[in-house]
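Hints in hand, dock the two standalone chains.
For the record, the sequence lines run as chains A and B. With the numbering used here, letter number 125 in the first sequence gets 111, and the count goes up by one each step, no holes. With the numbering used here, letter number 10 in the second sequence gets 21, and the count goes up by one each step, no holes.
Hints listed in this document are in silico derivations from the structure and should not be mistaken for laboratory results. Backbone N, C-alpha and C define an ideal beta-carbon position, used for all residues, glycine too. Don't take each hint at face value.
Facing chain B, according to a computed beta carbon distance under 7 Å, are these residues of chain A, among others [to be verified]:
1) G239
2) T246
3) D347
4) N350
5) A351
6) E354
7) S357
8) A360
9) A361
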Amino acid sequence: MRAARLSVVTAVTAVTALAAVTGCTSKSDAKDGDRVIGVTATDSTCVTSKKEISAGHLELAIENKGSKVTEVYILFPDDRIVSERENIGPGTKQRVTAEVKAGDYRIACKPGMKGTGIRQNLKVTGGSVAERDPRLDKAVAAYREYAQEQADATLPLVATFVKAIQAGNLEAAKAAYAPSRIGWERTEPVAESFGDIDPKVDVRADGLEAGQTWTGWHRLEKALWQDKKITATEKTLAGQLTTDLTDWQKRVGKAEITPTSMANGAKELLDEVATGKVTGEEERYSHTDLIDFKANVEGAQKSYELLKPVAQENDAALVTDLDKQFAALNTLLDKYRPNTSSYAFTSYDKVGAAGRKELSDAVNALAEPLSKLAAAVAK
Amino acid sequence: MTDTQGSSPTRRSLIGWGGAGLALGAAAAGGAVAMTRTGDDVVPAGADTGAAVDFHGVNQAGIATPVQDRLHFAAFDVTTTDRAEFVQVLKAWTEAARRMTAGKAVGEGAFGGLAEAPPDDTGEALGLKPSRLTLTIGFGPSLFKKFDLAGRRPDALVDLPTFAGDALDAARSNGDLCVQACADDPQVAVHAIRNLARIGMGKVVIRWSQLGFGKTSSTTPDAQTPRNLMGFKDGTRNIAGTETDRLKKFVWVGEKDGPDWMTGGSYLVARRIRMHIETWDRTSLQEQEDIFGRDKGEGAPVGKAKERDEPFLKAMKPDAHVRLAHPDSNHGTTILRRGYSFTDGTDGLGRLEAGLFFLAYQRDVREGFIRVQRNLATDALNEYIQHVGSAVFAVPPGVRDKDDWWGRTLFSKEA
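Here chain B stands alone, though its shape is the one from the complex (with noise of 0.2 Å):
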């Protein structure tokens, strides 16, 4: 009675069995509506917001891409010696990424394979629509302290200067590299990471890793702007998925900015951003509406009736949140961002562990975030925020096709 003797049923082909009826089960659940992930093929999908996002082009989707209801983001560190064993690592992330994307399982699948061995996909994004899920990968300025990188290091990839009123936790800040996941199902999102992750072991492991819900800016304007846990609404003026000028000028690593393996890449700050939401929350109308410089229903700027009416910034305080930011007071530049709202429980004094973690992206790091950023110090908000964690990645250019991989134009000799 070994498994070398007899022939009644073993536990692979039950197990099998089992298999098929769970794909069934996923199928009818999932509808001809958007496909649906399964071991297998996925059948086309449609046009509504559970749809695919394509993994491939020049730039990586979940920059300019619409941004999605849910993130899950995570900063890893590198602990590979082995340049050829890393790399082995980011090709086997573009392709579990690739068919994440698509809506399909990693590898094998979640179910179906050897019963004695673990699935090769941890299988609870089974049946669940692609969601829109796009995974985004960035390389932190550690990374290039190791495999002989640091002369590749682009000099936008500057290390952020200490700002005023930073309290930084390394246990939550920098990285040498880091996976933005957004997707309109939060278990997506979770999935796609988690399993990265598993596929890193070894060679990458997590340093610290932030859930998002309720975007709190938009690249899709025409849209309703989203609100941030202080209740107003956030990224009016933000860079929208189809200005492709702005993209062009802001955003996106050009030609001659060098380096070479940047083009089509860009850049992306990170900051934890916490909100003393308690005394938020007793602070009179008059002087939230002060501190921000628009309205809280309409989102008006001072002394206008319409959200999108253009700001008149001496109308503001000089201390208000817009004014400093817009900008007209950053000699012109401006930022891309896609952050999101956390909330982790509560922290020990009764308070709510809550804020925005800020997502920015920028064409360079200097005539962006650090810009911006030093011209809030004198912000009337931040005496309801901290910036609690920090880092900063070069987010390398698009996967091309399904020959390309993650860091290619890095990594590869030829390149």
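Chain A on its own, in the form it takes in the complex (with noise of 0.2 Å):
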């Protein structure tokens, strides 16, 4: 929500950019035959001629014999893509290239553009590689996987909301626009990776810069809560929203993510809580702060839960600690919701200052236990 924030995953990748292999789709290079891996796609297989490549430069040479359009990815072991190409339709080829170093990589063919893809095992050989713990190679693949899955489901939602707009329906609209935000507030530092996604579609009115077009959530909260009016110009910006959060839906997969990133992701959500929402600065016209804090609270505890087991190895204390931390501020959340399979919170302007300031201490006593998690899993 803050355009100006640094968030640990791009941190991380300004880092590890210093030892980058670079994925591109240029049809240049790769004349040694030795270097092209071909790729059969049909609708149910993918069939790789080759299993082992030594590193450097590889071309992948694919054919879709399949009836369904596809893709084909190479990842590395933690789903991160490493090269792409889409929209391979049935019946034609295409190459895909990139620049790997030593290491597993799979290659996934996607027949329908859908899933988690059909997938071979790729080793590039040669050089030394550091392996790190396959565990959290499943944790990365898994919360990036997550993390998609919150972006798609977003779409619909926010379709919804911004229909409502669309057909000047004030209520219609104010009951869609938090439940529009839930999948952006559970993966927030993943969402934020992203600089120029970001500021468009989160950022409030304090934190424009000078000459900066007011866009995005926020705008339209104002436009909903406080003008209480539907213009043109909100017909507009909520076109937009479904653009900027499209683009979103489409690069998740590529965000940089890290166990440690990961971890600190976790961490950061509980950030915005103790900055945003603890004090209704977020949501200060429709006070839905708290079904915000929720959502941070379950991305964190979804990165957290997928990291526990390697953390539960290296520091079991902290890990009893954060899971009585979760439960305990769970248990406070679930007194401002009669249904806990609702996200019908308290309005926020209803919470006292007392009600504040616990839900404040829960926060940073699962914040500050939460913040030694990276190190618990860099160990």
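Have a look at this one:
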């Protein structure tokens, strides 16, 4: 939500870029046949001509023999994309190139451009490779999948919100506002790693820089709750929100995620709560802060649960504490919703100073040990 | 290009390199006069005001210790209901206090550790001298309602009665425990409280806190007596840190005083006393001096020439502050004061939000603060002051050695 913020995720990107392998899709180089891996995709198979290749430049020669449009990816063990080619039509051929270091990779075909794809292992040999705990690779892959699911599930909810605005239906738009933000709030550290999207969709009035046009959720929030009217401007802005969030949905899979950035991302979600939600600044017109609050906690908990097996081994006391503090915060939050299967929370302007202090203490009690999670998974 | 691959410089190694530079800078700045805070060993301290005060002893440091220039006082509420967890906090606090008072950083330090994790120490005291930091812990009456401690609450730890003129703000009063941080450098005192609060997060939470400057009483009477914000010397007859007999008689809890766990401890009364500075400042000099019973320049009692001349109480007005507070007016009792001035900005009416943060140590609160404060009900000074915050704490004995911890005598089953 803070446009100028450098999230941990992006910081890690900047640092690891020193050792970057660049994915690219140009058709140059790789004249040597040894550097070409054939990929034959159908609607139910993904056959590769090689399972092993030495480090360096390589090229995928893809043929789609199926009936559906497909995508082909080269993936790191944690599902990060090395290189990809979308929209490979039935019966067509495409080429993808990449520069790879030694390590374990996957080649994935996605018939229908959906799901996690049909995968083949690819071992790249040569050089020394510092192995990461495969459990951590799995955790990152699962978290990446979670982030993608959240983005995928968000777009229809945003569509409902946007339709209501474009139909000029104030009440329907108000009802659809908070639900449309849940997926974003759950994965905010990942979302924020795309520095250009965040300021377009989640900036607040006080986060604007001079000359910046205010767009996104909170601008619409103000129109609905404070100005209480929908004009042509809001209808245009609603359309823009769809465009920007579609961009986010497409890019989530490419976000730089590491075990430590997952851990620190979880802590950042609590920081969001501590600085924005607990004060009521985030949703100052709609007072739907507790919904964001819950979503932030859920996102943090997801990240934590995935890292927990490794953290347990390295710092059992920390895991005990985190389990306890997550439970305590969730119990406290449940006091503010009549039905625990619903996201209908008490309007935050109805939560008094004592209640806010109690929430703030619970957030600090969780966020402080959570800040030690990165160390526990990096040991 | 994940961290699993390649061997280019990692963020951790880059940070580590930067950290080494910082450490060099710190050592150069601190010189060899006193040790400076680093993550590692310390250079031995010299005997200047920046030196370290020994954390260990029969009594806690920070009571009879020569009063430092600055204060950060914090009262905490205990939020955990788990006794073992609270004891862990006390042990972790002791270890951190042991390090900080020696001029060392908390835990693994403020830099050089894992790049992806927050450092153990917050770092703002790096390169600063120990600054005679003392950390003193106390347990409030409300703590004894927790962890099955009701039976161990000392009789002398009474709830303070309501005194005439009190206007106490609950948000600035009481607390399950307190930590008094005194140091010659305010940043060192603030750093100490901040790091303890951080360590205790989730188990204890700060209820209120107070910053203080300009000590208003001295435990070293040979030094110049400091002045309070009313411009008067304060603490001329205070108990000195070297007065073993008076300390034993009025400050330290003795073996027969009970309970056993308090032997070597003391009781602390903390009062936030707001001064009506503006009305005081337009009060005539004669009236100001009459109110105190001493002159403003020298600090001599009424009718005498020198500050330390024995006061003749009957020469003072019946409602003079010194007359009413003097041991002779209070069955011979006295208290050890180590208060500080405070200004917390303005109060919205254009008046200075300022006054005296009063800290008094005594062997028994009933014979100490309560007796004296009751006698001050008719104090002429009351027109210019108001007590707005209040708390009382049992201050346990000192941490004996490196295996001992704050509150062991109260919490250890075998003690």
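Taking the hints in turn, this is what the structure says about them:
{"no.": "1", "hint": "G239", "in the structure": "15 Å, violated"}
{"no.": "2", "hint": "T246", "in the structure": "4 Å, holds"}
{"no.": "3", "hint": "D347", "in the structure": "5 Å, holds"}
{"no.": "4", "hint": "N350", "in the structure": "5 Å, holds"}
{"no.": "5", "hint": "A351", "in the structure": "3 Å, holds"}
{"no.": "6", "hint": "E354", "in the structure": "4 Å, holds"}
{"no.": "7", "hint": "S357", "in the structure": "5 Å, holds"}
{"no.": "8", "hint": "A360", "in the structure": "4 Å, holds"}
{"no.": "9", "hint": "A361", "in the structure": "4 Å, holds"}
Violated hints amount to a single one, hint 1; each of the other numbered hints is respected by the structure.
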